[in-house]
Each structure stands twice: as structure tokens, then as C-alpha cells.
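Fit chains F and A to the known structure of chain P by using the hints.
Chains as they are written, first to last, in the numbering used here: chain P, 2 to 251; chain F, 7 to 310; chain A, 279 to 568.
There may be inaccurate statements among the hints.
[What the hints assert, rightly or not] Listed next, the stretches of chain A that the computed footprint assigns to chain P, with coverage defined by at least 3 CB atoms under 8 Å from CB atoms of chain P:
1. 403-414
2. 425-433
3. 489-502
[To be verified] With beta-carbon atoms standing in for the labels, derived distance ranges:
4. F:GLN41 - A:GLU400: 42 to 48 Å
5. A:GLU422 - P:LYS23: 53 to 59 Å
6. P:PRO95 - F:ARG149: 30 to 36 Å
7. P:GLY42 - A:GLN425: 17 to 23 Å
8. A:GLU400 - F:VAL146: 43 to 49 Å
9. F:MET307 - A:VAL307: 38 to 44 Å
10. F:PRO158 - A:LEU342: 41 to 47 Å
11. A:ASN389 - F:LEU253: 47 to 53 Å
12. P:GLN231 - A:GLN392: 44 to 50 Å
Read the hints as simulated data drawn from the structure, not as lab findings. All residues carry an ideal CB built from backbone N, CA and C; glycine is no exception.
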Amino acid sequence: MTNTAISVEKLNVSFGDSHVVKDLSFTVGQGESYGLVGESGSGKSTVLRVLSGLNRDWSGTVAIEGAVQPKLRAKAFHRNVQMVFQDPYGSLHPKKTIDDALAEPLAIHGIRDAQARIGKTLSDVGLPASFRFRFPHQLSGGQRQRVAIARALVLEPSILLLDEPTSALDVSIQAEVLNLLSALRHERKLTYILVSHDLAVVGHMCERLLVMQFGRAVEEMAVGTLSARQPQTAYAQQLLTASEGFRRAG
Amino acid sequence: MSDTSVSDRSGWRDWLMSTSPASRRQARLGQFYRQWLAFRSNPSAMIGLVIVVALLLIAAAAPLVASQDPLVQDLPQRLQPPSWAHLFGTDALGRDIFSRVVYGTRVTLVIVLLVVITVGPIGLLIGCAAGYLGGWVDTVLMRITDVFLAFPRLVLALAFVAALGPGLENAVIAIAFTAWPPYARVARAETMVIRNADYISAIQLQGASQGRIVWKHVVPMCMPSLIVRTTLDMAGIILTAAGLGFLGLGAQPPIPEWGAMISAGREQIFDQWWVATFPGLAICVVALGFNLLGDGLRDVMDAR
Amino acid sequence: MQTLANKAEAPLLDIDNLKVDFHTPTGIVQAVRGLSFTLGRERLGIVGESGSGKSMTGRAILDLIPHPGVVGADRMLFRGQDLMSMDRKARRKLRGRHISMVMQDPKFSLNPVQTVGSQIAEAYRIHHKAGSREARERSLAMLEQVQIREPARVYDLYPHEVSGGMGQRVMIAMMLIAEPEILIADEPTSALDVTVQLQILKILDDLVSQRGMGLIFISHDLHLVQSFCDRVIVMYGGKVMETLPAAELADESARSRRHPYTLGLLNCLPDLDRPREKLPTLNRDPAWLA
Chain P
2 MTNTAISVEK LNVSFGDSHV VKDLSFTVGQ GESYGLVGES GSGKSTVLRV
52 LSGLNRDWSG TVAIEGAVQP KLRAKAFHRN VQMVFQDPYG SLHPKKTIDD
102 ALAEPLAIHG IRDAQARIGK TLSDVGLPAS FRFRFPHQLS GGQRQRVAIA
152 RALVLEPSIL LLDEPTSALD VSIQAEVLNL LSALRHERKL TYILVSHDLA
202 VVGHMCERLL VMQFGRAVEE MAVGTLSARQ PQTAYAQQLL TASEGFRRAG
Chain F
7 MSDTSVSDRS GWRDWLMSTS PASRRQARLG QFYRQWLAFR SNPSAMIGLV
57 IVVALLLIAA AAPLVASQDP LVQDLPQRLQ PPSWAHLFGT DALGRDIFSR
107 VVYGTRVTLV IVLLVVITVG PIGLLIGCAA GYLGGWVDTV LMRITDVFLA
157 FPRLVLALAF VAALGPGLEN AVIAIAFTAW PPYARVARAE TMVIRNADYI
207 SAIQLQGASQ GRIVWKHVVP MCMPSLIVRT TLDMAGIILT AAGLGFLGLG
257 AQPPIPEWGA MISAGREQIF DQWWVATFPG LAICVVALGF NLLGDGLRDV
307 MDAR
Chain A
279 MQTLANKAEA PLLDIDNLKV DFHTPTGIVQ AVRGLSFTLG RERLGIVGES
329 GSGKSMTGRA ILDLIPHPGV VGADRMLFRG QDLMSMDRKA RRKLRGRHIS
379 MVMQDPKFSL NPVQTVGSQI AEAYRIHHKA GSREARERSL AMLEQVQIRE
429 PARVYDLYPH EVSGGMGQRV MIAMMLIAEP EILIADEPTS ALDVTVQLQI
479 LKILDDLVSQ RGMGLIFISH DLHLVQSFCD RVIVMYGGKV METLPAAELA
529 DESARSRRHP YTLGLLNCLP DLDRPREKLP TLNRDPAWLA
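One chain only, chain P, in its complex shape:
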């Protein structure tokens, strides 16, 4: 077993009266890609928001690369852990060019060679240099998602949290973005946590996955178990069957 990148123990999150994550524990190894699967209300996105530091109202233990994390994260933490959001239309500032979007994190962390880094990151995510000074409204959904990935990578983090990164995209664009994410992971030895409702996407991208329902862990399995259609729990089996499409009884 390699080193642990992320470990979550007894995580609990409540919003008012609703208890959205209940006693959740899991660990993700360095360089691993780990999937969180569930329907709406399963708490999978909330887990990502806790890990990233966006949600500060939780209890339990969250450790990143061995260091237990406080509720309010240190600035250095953000250099190491970045996130890609679901909606490429909402995650880019409408009044900032791509160049601005990528320069901002570098300015915040006082990184010098901004020009060179922006250029390199753009080419790494497969965007032509001529796009650098465009505004988000001049880009397609897939291109925007590439910009969002570039923004996450420009600080050279080792952990990337992916919140349904392709569910707002057409299937052909989804394939391109998934390929890009796979390639980047291998090149940069990144650790991924991928949240998705799409079992096929998780099966394609991840080595292990955790099925969640109503804020609880239902079953953790290797991707082989998924593709062999052999989950142990009834709920995981039900999700898997439902994802195969419509079946007419009789």
C-alpha cells in the first residue's frame, strides 16, 4: 500500500435539522482515483465541500497527506488541494478573461513565473494559446471545463477533487474531458476524488469507489466488482441495474 493521501474518519455534517453525512470513513491512497457514487441527497458533494474546506461546519477527522486539517484551512493547503466544479457555465467569473482566471491563484500565492506557467498549463489542458485572452462567454462548455481544470492545476496541486466534472457536457465532449483528466493524472501523479452519479464514468476513471445513500456509506468496492456486477449490497445492485437502462417487465 502506498502512502495515504486522504483519510476521513467519522465525518458528520448537519445542515440545521438534516443530518446529511453520517459517520463516514474512508481513505484514499496517493495517486489513487477514488469514486463517490450516489443519488441526490446522498451527501457525496457535501463530502467534497468538507474536504476542500468550503464547508466548515462538520465534525470528525480529516487528514490530508498525514496532516489533520483544521476547519479553517491554511493558505498552503489550497496549493495542494484543488477542485473542479460541475457547471462550467457557473464556475468561471463572467467578467474575467482566461488569463485573469489563471493569474489570480498565482498572484494569491506570490508565484513568480506567472506568464510561463499560464502558457504551459493552457497547453497542458489542450487549449490553444489564442484562447488565453478570451472571456468565458466566448467558449463552449467543454472549453470552459478545460479552463476550470487549468485553473485547478496552475498551482500544481497533488490532489484534485472532481464534482461531477462532465455531467453538464455532451457525451462526445465528456469523452474528451475524461481523457484529459486521465492523462493529467498519469503525467502529474495526481490523486483524484471523483463524485458522480454515473457508474460508467466512475468505472472508467476510478480504481475504487464508495456507494453512498442518505449520507451513509453503503458499500466500498474495487472497480472490478462493479464491472463484474457483483456488489454485495442490495442498494448498490439496484443502482447498477438502474444505470443499465429501462427494462420492460414481461
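Just chains F and A now, with coordinates in the frame of chain P:
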């Protein structure tokens, strides 16, 4: 010769309309140019722009435009009807109304500018801070705002001027005091929406400080609606200033302020209609101009 | 088989060379360019990516194209009646009574300040002369038919009080209470969880088989369309790439006969049974739109 100038111009156009700008500046100018093109295609907005630009030009060139010194009294010539010598006639002290209306643009502009530079930033900062930070900051700031909103603007301005003493500066201060709450409200409402956007989450995740997030990411998003709101409000500000002037609490004689001029002419309104009518028309036209301009700006800037 | 049987009967809908153009200041945008199909008492799927014109097709049939859009067709017949020559008023009467539509997000389709029950009842009374008691009874029966467990309770709820799946059922109940011959469902389940999605499909499926309704099912999801529909139209850039029996989409041996676009769409989906290092991407051929 003419050929080169044409190709030069289309070169500029292409440069501005380029879909792959080569620098930050080109991207910004291009964005600006596109908005201008949209603005230009709106006739009523262009009328508004023409009126406002004319106002600026007349104010700047008032000594050249005016036919006389606006303060010189010529009692034998008092209450003359409009003629070639006095385009808008003369008032009860024999002063040329046309010249006074022309110089009045300066007074109006001073009021408008002073109010804008005080009200815009105050409203923006209070609103953005309240909306973004939330919690008790929001509660305190918004209750203060509510207190100011509870009074009709002119009445509150009257109270302030009564306390501070009449005069142009005090009128401006009073108007500014009464004008900021709606701006804070607008900025707060916008911020409440913006702060939940993914792009703000993304910048939080990059480790930006709260001040940086508000100033560099929230404020630019609130700007368009505030600019539009300011422009639309300008008419109201001018009317409030004129109202204070009319009541003798704004600019003091002999300053040629439009509201005060109407007030002075109200005794002769039936016999010498021109004394009150021309400053009234000036207020009307300028207020209309700002309103049209504001509507046009809203169409262009709020279209996301 | 079923499709062949339907051929014998006159089709519910017969459309030839449907076009939707948008006249914008920068030129004409062709959203749909020459679409022809017939609909029997069957489940017809229209699949395509965003911008393929699939939603515009549904809207054009209902005369719901927004302002700068213009609909043209050589033929658009609903049970033999010419829709193109019909006036607005007659078109509106047809809409809802004979042809209905279910949209993607029930939140935007329901009036937020009226209870869901009263909206269904109102839909019924628009098309049938009925008293309020009868309308209420019909609405409750309809809610039960879309498998809502406590119709009387749900009847008095406001749209924000129902879940996404429930809201979509309410929408379907509202659209079906007039007993239309054709239902156009535009991505009716894509905002829903998979398990809920299947329940909604089951309801639609029963309606087609029991009532003999014609269903146009517009979706981006090839898997779903392939498992749910009888026939599928694949659209790209406003044009039909191919029309095929849904079963052939899944049929590996029939792949060689597929249009390259359909094949590209099928291939670029991640598949649990075929783990691949890299997903094939879709190369769009400009000749497809020629």
C-alpha cells in the same frame, strides 16, 4: 489617401472584434467595443447619450455659449419676454434667463458628480460587505440602511439641510446621505446571489483573503447594475436638488440653480411664463437624458 | 413487428421537410433543416447533442418556437389535419387537448403559487366542460394513475413542496388529463435520479401500451433511448443522421451499418464491460451537414 484611412479603420475594427485577442488590454477594449456597438443600435439610448454629452459640453463652454454674465442685473430690462436679445427672456432682476440656464448646467453637474462619487462607493462597499460577510455585520449594516430608507428622500434631505444650514454643499451632503441606502440594497442583493456562485467558491479554494474576494471578484459583478442604477437615479437626484433649491434650502442666490430659478419665477408664472418655464424645461430634458442613457446602459451591461 | 403494424394504420403525425430558422441580426440560424418522420402509436426517440435541433423539433410541432424563429414544412399532418394551414387559435386548441408536452424541469413548468392539484384540475376544465367536483375527482384519479401514493395529500401541495420525481409525475398527470393522442417528452427524466427516472419511464411506457398514445421521447441519453424506445431518430446539427429501430443501437453485429455519427456517439460512452485506457473521441465530418 482615403484608401489607407479606410483600411486603417477596418484594421482597428478587426483588432477590436478579434475572437483571439493577444493581450489583456485588447480583450477589455474588444469587450467594450462590442458593448458600444450594442448600445449604438439603441436609438433612445443614443438620444440620452447626446443629451448628457451636450450637458457636459455646455457646462464646459458656458462662458462661450452664454450671451451675458448670468449675475449681471439690468433692472430696466426686467421681465422681458423671449426675444433675439434675450432668447429665454429676462427675470425679475433683469438677468438673462438663457445665460442663467446655461450656467445652471455647471451647478447641476457639480451636484450630480459630488453625489455620485460619494454615494456609489459608500453604497457598494456597505452592500457588498453586508452581503458577502453576512451574520451580524449584515444585520447591523442593513438595519442602519432600513432607518434611512424609512423616510421619503426629500423630507430627510430637508431635515439634514435644516440642521446643517442652507447652501449648495450642504444640499449635496444631504442628498448623498439620503441616496445611498437603495444602492447598498442593490449591491447586497447582487452579492447574496454572487457569493454562492461556483466561481466565488473556486477563488475561495485558491486561498484568497476575504477582502480580495469582495474587492476583486464580487465588486466587479455588482458594478454594472450600480452604474445603471446611478444613471437612472440621476434624474431623481437632479429633481431633489431642484426641490431643495425651490424651497430655498439648496444653492443660494444669486447662484443660477434651476430649482431656485423656478422658485423665483413662480410669482410671475401666469403673466411672465418664461421665467419659470425654461429652467423647468432644462430640468426635464436633463432628467430625461439620464433616464434614457440609464435604460440603454442596462440593456447593454446587464445582458450576460 | 410493432412498427410494421403501425405502418398499416394512418400515422398520428406525418411530417415532411420540417425547418426551423432563426432570423438574427447576424444572419439566419438553421436550427432544424429538413426533418421528415411519421409517428404511430409508438415510442419514438429523438437523440442528439446540444444544438442538434431535437428540442426545437418538439417545439415546432406544438407551435411553441420563440420569437425570431420561423417554422416551415412541406407537410405537417396530425391525423390527416394540416397543421401548417391551421390558424393560431385552432393550433392552440389542439395543443394540450390532443398534443401535449412534458419539459425537463417541473420546477419551471408549474405555477409556484397554486397547488398542484388545482393546476391539474384547471387543465382538465380547459378541455372538458366539467364542474369543479368532477375536475377534482378526475385529477385525483390521474394522480393515482401516475403512481402517486397519497393523491389527496399531494393534491393540496404547492410545487416547492414536492420532490423532483414527484413534480415530474404531477407534470405528466397534468399533460395527460386531457387524454392527448401524442405526448412530446423533452428530456423528461434527465434532472432525476436513475431509480426515479425508471419509475417515470414505466408510467410513460404504460400509457403508450395501454392507451395507444404516440410518444416522442427527446433525449441526449443513448442508453436510455435504446432501452426505452421502439424507433430512434439520430440528429446532428439540425439534420437527421439516421432513423433506426432502437434494438439495432445495442446490436453489436449491426454496427457496421450505423452512421459514423451514431457510432461515434456510442463509442465515446464509457462502458463498464469494455474498460479502455482512452475513450475514442468523435470526429465530426462537415459532409454530414452538406
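Hint by hint, here is what the structure shows:
{"no.": "1", "hint": "403-414", "result": "violated (count 0)"}
{"no.": "2", "hint": "425-433", "result": "violated (count 0)"}
{"no.": "3", "hint": "489-502", "result": "holds (count 4)"}
{"no.": "4", "hint": "F:GLN41 - A:GLU400: 42 to 48 Å", "result": "holds (44 Å)"}
{"no.": "5", "hint": "A:GLU422 - P:LYS23: 53 to 59 Å", "result": "violated (35 Å)"}
{"no.": "6", "hint": "P:PRO95 - F:ARG149: 30 to 36 Å", "result": "holds (32 Å)"}
{"no.": "7", "hint": "P:GLY42 - A:GLN425: 17 to 23 Å", "result": "holds (20 Å)"}
{"no.": "8", "hint": "A:GLU400 - F:VAL146: 43 to 49 Å", "result": "holds (47 Å)"}
{"no.": "9", "hint": "F:MET307 - A:VAL307: 38 to 44 Å", "result": "violated (25 Å)"}
{"no.": "10", "hint": "F:PRO158 - A:LEU342: 41 to 47 Å", "result": "holds (46 Å)"}
{"no.": "11", "hint": "A:ASN389 - F:LEU253: 47 to 53 Å", "result": "holds (49 Å)"}
{"no.": "12", "hint": "P:GLN231 - A:GLN392: 44 to 50 Å", "result": "holds (49 Å)"}
Of the numbered hints given earlier, the model fails hints 1, 2, 5, 9; all others are met.
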